Every structure is written in C-alpha cells, then in structure tokens.
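Chemist: If you want the building blocks of each chain, they are given just below.
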Amino acid sequence: MEDVVLWLRNVTKEYGTGRARVLAVDDVSLEVRQGEIVLVMGPSGSGKTTLLSMMGCILRPTDGNIWLRGTEVSALPEGALAHVRRRHIGFVFQSFNLLSSLSVWENVALALQIGGTRGEAGARQAKELLEAVGLGDRLDSLPADLSGGEKQRVSIARALANSPSLLIGDEPTANLDSENGRRVADMLTTLARDQGRSVVIATHDARIMDVADRVLYLVDGRLAKKPRVHQG
Amino acid sequence: MVSVARKNLFHDKTRLAMGLGGILFAVVLMGFAVGMLFGTFRYAVELVDRSTAQVWLVSQKTRDFLSPAPFPDEVAGQVRQVPGVAGASKLIMASYSANATGGQSSPVYLVGFDPEVELGLPWDVATGSAADLRRDMTVILDRSALREFGPLQVGDKIEMGDQVVEVVGFSRNAAWMLGMPYAFASAQTAQAVLHSEGQTLAVLVQAEHGADVAMLMERLSAVEGVEVLTQQDVHDRSMDAWLTGTPVGYMSGAMVLIGFLVGLTVVGLTLYTATVERTREYGVMKAIGASNWDVYRVVLEQAAILSMLGYGMGVLGALGVGRLYASLTGMGFAVPILVLAGMLLAVLTMSGIAALFAMRKVATIDLALVFKA
Ligand SMILES: Nc1ncnc2c1ncn2[C@@H]1O[C@H](COP(=O)(O)OP(=O)(O)O)[C@@H](O)[C@H]1O
Ligand SMILES: [Mg+2]
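Chains as they are written, first to last, in the working numbering: chain A, 1 to 232; chain B, 233 to 605.
Treat the hints loosely; a few may be bogus.
[What the hints assert, rightly or not] Straight-line alpha carbon distances no greater than 35 angstroms define the calculated DSBU-like cross-link-like pairs of lysine-lysine that follow:
(1) A:LYS127 / B:LYS389
(2) A:LYS225 / B:LYS604
(3) B:LYS593 / A:LYS127
(4) B:LYS293 / B:LYS593
(5) A:LYS127 / B:LYS245
Hints in this document: simulated from the structure, not taken from any laboratory.
A quick note: this is a predicted structure, and the numbers were derived from the prediction, not measured.
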C-alpha cells in the first residue's frame with residue numbers, strides 16, 4: 001500500500017496506574033492514505049485528543065505500533081520524534097497557540113525557521129502562506145489584534161509551513177462561531193487537498209462533517225462501527 | 233531570523249526593566265565597591281609609584297607595610313658609601329594635623345626626604361621647587377589643602393604641632409588616601425615636626441647611571457638590620473597590606489558579594505518567571521518540532537541580552553556614581569580594565585546560572601498542554 005501515510009496497529013494508551021488507571025485509547029487500528037481527509041468524532045472524553053497526540057508523535061502509545069510514511073515512530077526517542085514533527089506533521093490547535101509577542105508573519109516564519117528555512121526565504125514563504133489563507137494584509141499584526149477566525153487561519157498557514165505529509169487538527173473550530181468555523185474547515189481541507197496532504201481532524205462539530213472523506217467514531221477509546229460515511 | 237527571545241523580552245517592558253535593574257544594581261554596586269577600593273589604595277601607594285628610587289631599604293622588623301618599623305637613619309650614610317649608589321635618602325612619613333595660622337585645622341600627609349637626592353619628589357610642582365626645601369622648616373603643600381586652610385600663599389606659615397613651617401611652594405594632584413593633602417619637607421624638617429630625630433622608615437636608593445641594580449641590591453644586603461626591596465616589591469607589599477590588613481578590603485568584598493547575589497536573584501527570577509509565563513508557548517514550539525536546544529537558545533539569548541544591556545548600563549552607572557563620589561569626597565576612584573572584565577564575567581556567570589533554572593523548566597514541559605483548551 002504505497003500511499004498509506006499513517007498506519008496504526010492495535011494502538012493503546014493508558015494514563016496512570018492502579019485505581020487511577022484510565023484506558024484512553026483502546027486497541028485502535030487504522031490507516032490514513034495520502035490526501036485523505038479523516039474526521040474523528042466522539043463524545044468528550046472518548047480519547048480523540050489522546051489518539052491525535054499519538055498520531056502527531058507527541059505522545060507514545062502504551063502498546064501497539066504507529067508508522068508514519070513507513071517509519072515506525074512509536075519506537076523513536078523524543079529527540080527523533082521532534083525531528084519527525086518538524087519535517088512531517090502540521091498542527092492546528094483548538095486554542096490557536098500562536099506566540100503572542102510575535103507578529104502574524106513571524107509566527108509562520110518561526111515554524112519555517114524550526115524546519116530549517118531562515119532569513120529572506122523564510123520571510124517570503126511566510127508571506128505567501130499567509131496570502132493563501134487571506135491574511136496578506138495582516139502580516140504585521142499581533143495575534144491579540146486578530147479575531148478567532150483570523151488566528152486559526154494563521155495557524156493553518158503555520159501548520160502548512162514545512163510541507164507536512166500529515167495535518168493534525170484537534171477541535172480546530174471549537175472556539176469559533178459557525179460561520180468562521182465553516183470557513184476555517186473549508187480552508188484547511190481545501191489547501192490540504194490541493195497540496196495532496198493527509199488530514200486528521202478531531203471534532204464535535206457535526207457541521208463540518210461534509211469536508212471529510214471518512215468519519216471515524218470513537219467511543220470510550222474504541223473505534224465504533226458506525227457505518228456513516230460522508231463523501232465531501 | 234525571527235528572535236523569539238528578543239520579541240518576548242521587549243514585549244514585556246516591566247519584566248525587562250526589572251531584569252535590567254537587577255543587573256544594573258549588581259554592576260553599579262560591584263563597580264563602585266571595587267572602584268572605591270582601587271581608587272583609595274592607588275593613592276596609598278602613589279608615592280611608591282612616583283618615586284624614581286630603584287631600591288628601597290626597610291627595617292627587617294617590618295611585619296606590616298601599613299606601619300613600617302622605624303630604624304636608625306645613619307643607615308642612609310652607610311648606604312651612600314656602597315659602590316654604585318648615586319644617592320640615598322631617608323624617608324619619613326606620617327599623617328599629621330596642621331593649622332593655618334588663625335584658621336582651620338586639617339590633617340596633612342607629611343613626607344620627609346633628602347632634597348639633594350633625585351627621587352622624583354614632590355611631583356607636579358606648580359609653584360616653587362624641591363630645591364626650596366633645603367632651607368629648614370619649609371614645606372611644599374598640595375593645593376588641595378587650600379580647601380581646608382583657605383587662601384594661602386608662598387611665604388605664609390602653618391603650624392604643625394609645636395613647630396611652625398613656611399610654605400615655599402605648591403604641588404598639584406598630591407593627595408594621600410581619603411583625599412589627605414601631602415606636605416613635602418626635608419627629612420630634617422619632618423623629623424623635627426614629628427620629634428623622630430635619628431629615625432627613618434625607609435632609605436630610598438638612587439643607583440648610579442648604568443649600574444646593575446641586581447648587583448647593587450646584592451651589595452646592599454650586607455647592610456645590617458634592613459631588607460632590600462625593589463620599587464615593585466614595595467608597591468605589591470603595600471597593596472597587599474591595605475587589601476588584607478584593613479576592613480576596607482573586606483567591606484568591598486562584601487559589597488561585591490551582595491551585588492552578585494542580588495543580581496543573581498533578580499535575573500534568576502526574571503528569566504524564570506518569563507519562562508514559566510510562556511510555558512505554553514515554549515511547549516508549542518517543541519510540539520511543532522523545535523528541539524530542546526532550540527528553546528534553550530531562546531532562554532540563553534534572553535540571558536545574553538539582559539547581561540550585555542545590564543552590564544553596559546551598569547558600567548556607565550558605576551563610573552558615574554564613582555565620579556560623583558570622587559568629586560563630592562575628594563577621594564580616589566579607579567576601575568582598572570581587569571576589574572571591568574571581572575564584572576563582565578560575574579554578570580555572565582549570574583545570568584548563566586539563572587538561565588540554567590529556566591532551561592530546566594523548558595526541558596520538563598509536558599507537551600500535552602498544547603491540546604488543552
Ligand atoms: N494526562 C492525562 N492523565 C490522565 N488521564 C487523562 C489524561 N489525558 C486524558 N485523560 C483521560 O483520558 C480520556 C480521554 O481523554 P481525551 O483524549 O482528552 O478525550 P477527548 O479529546 O475525546 O475529550 C479521558 O477520560 C481523560 O480524562
Ligand atoms: Mg479533546
């Protein structure tokens with residue numbers, strides 16, 4: 001399967017031990033293909049964030065294996081994981097997570113800098129990415145002066161900065177009103193589709209279900225066999 | 233290049249001011265303490281440095297250069313017989329209270345020597361000459377004494393104990409420690425004023441032109457009861473005595489330590505709170521692929537910026553405070569290059585230590601926090 005970007009096999013994550021033990025993700029297996037847009041839905045506490053953290057190489061599974069573009073990442077040490085995140089993964093967070101003292105373009109340029117693109121080239125690419133999300137006229141603004149929708153568009157530009165194979169979005173529309181949420185979801189998926197990137201979005205937001213190629217349901221950490229597939 | 237360190241540091245002006253203030257305080261305090269010390273003690277040994285005598289003889293009984301032991305002044309006569317000696321002078325020194333007739337009383341630092349011997353004393357003579365001191369009961373007074381004595385002129389008399397001496401000239405820039413003006417006199421006059429006839433504190437030797445000083449010292453070591461020293465030896469031993477034998481050295485040391493600890497604490501708190509407050513943002517940097525070192529560099533760059541700015545301002549501040557102190561008190565203030573370098577090292581050390589704590593914080597960030605709402 002040449003075009004499988006992400007492959008999870010029997011992935012389990014436990015937090016704590018003894019009576020405080022929580023089985024957050026329970027024996028999940030799945031694949032995400034290149035260019036595919038997958039939505040992970042489920043009630044609060046069902047393990048969506050935990051699952052995405054493992055896909056995003058931020059958290060290691062307690063059990064099971066994860067391959068990203070053919071490399072088993074579940075076995076890598078933290079230093080190597082940072083390298084994988086920098087090269088292959090883009091993140092869009094629920095609470096935006098922009099750096100408050102950096103301007104809009106600097107936030108994107110910082111991600112490029114972390115990925116090894118510095119100076120003039122970084123500044124130019126940051127501007128191009130921001131133009132693509134319609135923020136060409138807000139380059140020098142500080143995050144505090146942006147609306148929620150604008151902030152999330154900056155973080156989309158940042159997530160795309162190092163041309164990742166996989167975009168991870170944890171509730172990217174949860175802090176936005178429905179109009180902005182719609183716009184952000186469309187922008188994220190359209191850009192990803194144009195550039196052939198895979199996307200996994202965890203969401204509560206049923207209104208953006210139609211952007212997905214596939215919807216997975218998570219209940220108590222397990223994938224539920226709920227046969228509702230929407231074509232975008 | 234996007235500098236997160238610079239942006240963060242200058243974004244929060246209050247914190248920047250606090251961090252800079254801490255370093256500024258530390259450098260001003262350290263610089264002032266050390267500058268005062270060197271300034272003061274430089275004057276303590278200025279006479280040694282200014283004199284052109286190559287060899288000094290002091291009593292073998294001298295334990296402490298703060299109070300050299302007196303010895304019989306006939307030694308000067310013996311020394312003159314030694315081959316290779318061009319001249320030998322007694323040296324009598326003491327701080328002594330003087331009175332302008334009918335006016336203020338003030339201490340002066342009385343120095344008696346042989347005006348026939350070429351010693352480079354007194355220095356910076358403005359009026360009169362060393363030759364004038366050949367006449368008995370005369371002094372060349374430093375002009376700084378006029379602040380206390382009022383307008384004195386050549387030919388005026390001042391009282392020193394039960395003696396009256398005539399002012400035959402004025403020098404400039406000859407103040408002993410704590411701004412005490414020098415009064416230069418012949419050895420005889422000084423002995424008369426101090427009632428120390430027959431005694432001297434040192435014999436200063438002027439070698440013959442082209443004489444081998446080491447050989448001369450060898451020959452002088454035959455003189456009984458004295459130790460033979462170079463000018464540099466006398467300088468070093470006097471400096472040592474002042475640094476270790478007086479509380480001033482320890483006071484300065486304590487001020488330096490306080491400055492360092494205050495600086496360390498403030499910079500430490502500044503860097504640490506600045507890091508804690510942005511834990512989430514540093515976590516985000518790491519989540520999107522920054523290595524620990526990428527984030528350490530942010531902390532270190534902040535420490536470096538704080539250090540350099542704080543140090544620069546601190547040095548200017550210390551020199552300013554020192555100049556003010558010198559002009560208000562008439563006392564010496566000097567910050568040698570080596571001390572500037574030492575303070576830079578101290579500042580870098582304090583911010584380096586401070587940065588370590590912030591770096592530890594960065595290293596242990598739990599990345600899961602980036603997903604929290
Ligand atoms: N760091 C943690 N320590 C202990 N339990 C956790 C931790 N993070 C999440 N959990 C628990 O794991 C389960 C799944 O949480 P999460 O992945 O955040 O679900 P979701 O994103 O769907 O709300 C919940 O029961 C939650 O309380
Ligand atoms: Mg969640």
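Chemist: Does each hint fit the structure? Answer for all of them.
Modeler: Verification of the hints:
1. Annotation: proposed proximity of LYS127 of chain A to LYS389 of chain B is violated, straight-line Cα distance about 86 angstroms (limit 35 angstroms).
2. With a CA separation close to 28 angstroms, the supplied pair LYS225 of chain A and LYS604 of chain B stays within the 35 angstroms bound.
3. Between LYS593 of chain B and LYS127 of chain A the alpha-carbon distance is near 33 angstroms, which keeps this suggested pair within the 35 angstroms criterion.
4. In summary, the hint linking LYS293 of chain B to LYS593 of chain B is not supported, as the alpha carbons are separated by about 61 angstroms, beyond the 35 angstroms threshold.
5. Restraint check for LYS127 of chain A and LYS245 of chain B: satisfied, since their Cα atoms lie roughly 28 angstroms apart, inside the 35 angstroms limit.
In this structure, the hints that do not hold are numbers 1, 4, in rising order.
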